[in-house]
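Visitor: One line per chain: the protein sequences are A and B, in this order. According to our numbering, the first sequence is numbered sequentially starting from 33. According to our numbering, the second sequence is numbered sequentially starting from 310.
Note that these hints are calculated values from the structure, not bench results. What you are looking at is a predicted structure, and each value in this text was computed from that prediction instead of being measured. Please note: incorrect hints may appear among the correct ones.
To be verified - Output of the computed footprint for chain B on chain A, the stretches with three or more beta carbons under 8 Å from beta carbons of chain B:
(1) 47-57
(2) 92-106
(3) 166-179
Unchecked claim - Under 8 Å between C-beta atoms, here's a sample of chain B residues computed to sit facing chain A:
(4) T456
(5) H461
(6) T465
Unchecked claim - Taking lysine to aspartate or glutamate and the EDC-like style, the derived pairs with C-alpha atoms no more than 16 Å apart in a straight line are:
(7) K625/B x D77/A
(8) K474/B x E586/B
(9) K432/B x E586/B
(10) K474/B x D592/B
(11) K432/B x E570/B
(12) K625/B x E219/A
(13) K87/A x D77/A
(14) K432/B x E219/A
(15) K670/B x D624/B
By construction, the Cβ of each residue, glycine as well, lies at the ideal position given by its N, Cα and C atoms.
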Amino acid sequence: MSPIRQIRSRTVVLPYTNIDTDQIIPARFLRTTARAGLGRHLFSDWRYQADGAEKADFPLNHAAARGCEILVAGRNFGCGSSREHAPWALLDYGLRAVISAGIADIFCNNALKNGLLPIAVTEGHAAWLLDHPGIELLIDLAASRITRPDGAQLPFQIERFARYCLLNGVDELGFLRSQEPAIARFESTRA
Amino acid sequence: MFQKIWERHEVVPETPETPAVLYIDLHLLHEVTTPQAFTMLREQGLRPRRPDLALATMDHSTPTRTEQVFGGAPIAVESAALQIAELERNCAQAGIELFNLRSASRGIVHIVGPELGLTQPGKTVVCGDSHTSTHGAFGALAFGIGTTEVAHVLATQCLLQRRPKTYAIEVGGALGAGVTAKDMILAIIARIGVAGGSGHVLEYRGSAVRALGMEERMTVCNMSIEAGAKAGLIAPDETTFEYLANRPRAPQGPAWERAMEAWRALPTDPGARFDREVRLDADAIEPMISYGTHPGMVMPIGACIPGRSDDPVFDKALAYMGFSAGAPIRDQPVNVVFIGSCTNGRLSDLRAAAQLLRGQKIARGVQLLVVPGSQQVKRAAEAEGLDRVFIDAGGDWRESGCSMCIGMNGDTVGRGQYAVSTSNRNFEGRQGPGARTLLASPLTAAASAVRGRVTDPRELLGG
Numbered sequence: 033m034s035p036i037r038q039i040r041s042r043t044v045v046l047p048y049t050n051i052d053t054d055q056i057i058p059a060r061f062l063r064t065t066a067r068a069g070l071g072r073h074l075f076s077d078w079r080y081q082a083d084g085a086e087k088a089d090f091p092l093n094h095a096a097a098r099g100c101e102i103l104v105a106g107r108n109f110g111c112g113s114s115r116e117h118a119p120w121a122l123l124d125y126g127l128r129a130v131i132s133a134g135i136a137d138i139f140c141n142n143a144l145k146n147g148l149l150p151i152a153v154t155e156g157h158a159a160w161l162l163d164h165p166g167i168e169l170l171i172d173l174a175a176s177r178i179t180r181p182d183g184a185q186l187p188f189q190i191e192r193f194a195r196y197c198l199l200n201g202v203d204e205l206g207f208l209r210s211q212e213p214a215i216a217r218f219e220s221t222r223a
Numbered sequence: 310m311f312q313k314i315w316e317r318h319e320v321v322p323e324t325p326e327t328p329a330v331l332y333i334d335l336h337l338l339h340e341v342t343t344p345q346a347f348t349m350l351r352e353q354g355l356r357p358r359r360p361d362l363a364l365a366t367m368d369h370s371t372p373t374r375t376e377q378v379f380g381g382a383p384i385a386v387e388s389a390a391l392q393i394a395e396l397e398r399n400c401a402q403a404g405i406e407l408f409n410l411r412s413a414s415r416g417i418v419h420i421v422g423p424e425l426g427l428t429q430p431g432k433t434v435v436c437g438d439s440h441t442s443t444h445g446a447f448g449a450l451a452f453g454i455g456t457t458e459v460a461h462v463l464a465t466q467c468l469l470q471r472r473p474k475t476y477a478i479e480v481g482g483a484l485g486a487g488v489t490a491k492d493m494i495l496a497i498i499a500r501i502g503v504a505g506g507s508g509h510v511l512e513y514r515g516s517a518v519r520a521l522g523m524e525e526r527m528t529v530c531n532m533s534i535e536a537g538a539k540a541g542l543i544a545p546d547e548t549t550f551e552y553l554a555n556r557p558r559a560p561q562g563p564a565w566e567r568a569m570e571a572w573r574a575l576p577t578d579p580g581a582r583f584d585r586e587v588r589l590d591a592d593a594i595e596p597m598i599s600y601g602t603h604p605g606m607v608m609p610i611g612a613c614i615p616g617r618s619d620d621p622v623f624d625k626a627l628a629y630m631g632f633s634a635g636a637p638i639r640d641q642p643v644n645v646v647f648i649g650s651c652t653n654g655r656l657s658d659l660r661a662a663a664q665l666l667r668g669q670k671i672a673r674g675v676q677l678l679v680v681p682g683s684q685q686v687k688r689a690a691e692a693e694g695l696d697r698v699f700i701d702a703g704g705d706w707r708e709s710g711c712s713m714c715i716g717m718n719g720d721t722v723g724r725g726q727y728a729v730s731t732s733n734r735n736f737e738g739r740q741g742p743g744a745r746t747l748l749a750s751p752l753t754a755a756a757s758a759v760r761g762r763v764t765d766p767r768e769l770l771g772g
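Between the sequences and the hints, there should be enough to build the whole structure, so can you do that?
Guide: Structure below.
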């Protein structure tokens with residue numbers, strides 16, 4: 033995974049709370065054995081009509097939203113199923129960060145392991161961002177801070193070890209594997 | 310109880326810089342969330358470290374029609390057939406035990422583990438599925454993980470984890486007649502909300518929880534994730550031990566005695582502190598039903614659909630459901646009734662539904678689909694004649710699997726149709742694009758199938 037330090041992008045806003053992973057990537061698209069190619073099914077039932085044409089009123093389909101790398105959504109984003117296909121689909125589509133007043137636990141873990149930044153901010157900051165779609169933000173991971181165009185700064189927290197891995201492009205599995213002696217010791221004491 | 314299990318599985322304790330390295334005792338796998346994990350291992354030239362601590366089954370995308378499972382008919386959904394073949398290949402290469410499509414032991418992953426006796430008090434259990442919380446009914450620390458974490462467990466038998474907080478859910482009193490464990494957990498979610506358990510392990514306690522059988526406890530713990538929780542736990546007791554005794558994969562003989570001694574020491578010590586607590590009164594819980602598009606949008610079946618001023622998300626949910634604030638949900642016509650899933654696909658659930666369907670016919674125009682949670686549940690139900698009850702009532706009786714809960718195998722609800730479902734999620738499109746799900750208990754589902762309208766089961770139970 034390549035290191036992530038900063039993301040500068042305009043935002044696309046989905047002003048809904050409790051966006052579940054069945055909306056992010058409906059279950060019928062999970063019948064795959066690959067990680068790639070899920071972006072075209074992202075938010076499929078909200079994004080497309082039954083005939084496959086794009087719904088003009090869905091925010092991701094607006095001309096101004098093309099190329100945006102930051103998604104702002106209502107609280108409890110990513111609730112429901114543990115499918116890692118959700119962050120895979122968001123990343124494959126081109127998004128690199130999700131900002132919300134709350135991010136569901138399993139989705140948050142899955143996002144961190146794939147280099148999608150799950151950023152929880154206060155209700156007040158989230159409300160402001162939801163009210164200002166399309167503004168340009170600078171996300172600074174090392175400083176754990178978002179800078180708005182008016183200069184206001186929004187702090188956020190990301191679990192320290194996950195942040196270290198993201199900043200340095202380190203795979204968590206490598207760290208876990210380096211614990212092998214401790215794991216073997218643990219197993220021998222329980223046998 | 311949570312602390313005891315956690316501390317016994319810490320290979321390396323957490324520090325401010327690094328999460329704990331947590332040892333996993335039981336890793337369950339299924340066809341949908343594992344293929345990419347096996348690919349990750351192959352890419353790094355790794356082999357599963359402890360295939361003996363893993364067990365695989367197939368459930369999510371498998372067909373439920375007998376001719377496709379046993380009759381040699383092709384699996385109708387081609388991509389599902391590919392996933393099934395991939396799991397067979399991966400498990401054979403890795404040396405992981407697999408219950409394949411025709412296995413007599415196959416079933417929904419969260420039904421198979423307990424019925425074999427593999428799920429035991431004090432264990433850590435993970436699976437690439439959010440409803441892994443089910444296994445917490447035994448006093449096991451059980452939670453859903455993503456596919457990358459599946460690869461972590463395959464490679465190291467460990468996960469990197471920060472310690473969650475604890476949340477006591479005390480349910481006092483006793484459930485009334487016609488009110489079930491499903492109604493209890495829906496009432497809990499209504500109270501604490503769909504993100505109320507976020508970052509916490511819920512421990513269900515109190516007289517109404519103690520009075521539940523193991524299958525009912527699994528129904529409660531199953532939906533912990535629907536409150537956003539990391540896991541759900543119920544302290545093991547005589548009910549737990551009685552369920553586990555003589556199960557094929559439970560400890561036997563002297564090992565059973567040793568295990569019992571350890572299990573008896575697990576429950577939370579009196580006076581232990583929880584980070585949060587809430588109390589509910591079971592006597593006040595009514596049969597519950599969902600009216601919206603997440604499991605927190607749920608109410609007593611006799612209530613009217615609530616309204617919220619100035620909440621466009623709430624209005625969007627009601628518009629999707631075709632409901633108006635202030636209207637009753639009772640007598641809402643239904644098109645489909647689904648009885649099954651890891652929430653309510655066990656023998657006691659089927660017995661409850663059969664109790665209301667015996668000697669009855671389902672209403673004209675209603676489709677009733679009954680899908681046992683495992684092949685073992687199917688055989689046990691057939692031995693009691695429950696299959697005849699459902700078929701004679703006009704229902705469909707199928708092979709086991711997740712089926713219409715998630716609709717991956719082609720068992721779906723049509724656009725705009727209303728389904729009373731014993732499953733766990735009423736998200737938009739969960740049971741098929743445009744499908745409208747009403748979550749309820751097996752009793753409510755069966756009563757609604759008979760009347761063809763949303764029905765309080767107590768009206769049919771008599772007495």
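Visitor: For every hint, state whether the structure bears it out.
Guide: Quick rundown of the hints versus the structure:
no.	hint	result
1	47-57	holds (count 7)
2	92-106	violated (count 1)
3	166-179	violated (count 0)
4	T456	4 Å, holds
5	H461	6 Å, holds
6	T465	5 Å, holds
7	K625/B x D77/A	14 Å, holds
8	K474/B x E586/B	11 Å, holds
9	K432/B x E586/B	24 Å, violated
10	K474/B x D592/B	28 Å, violated
11	K432/B x E570/B	14 Å, holds
12	K625/B x E219/A	52 Å, violated
13	K87/A x D77/A	10 Å, holds
14	K432/B x E219/A	14 Å, holds
15	K670/B x D624/B	36 Å, violated
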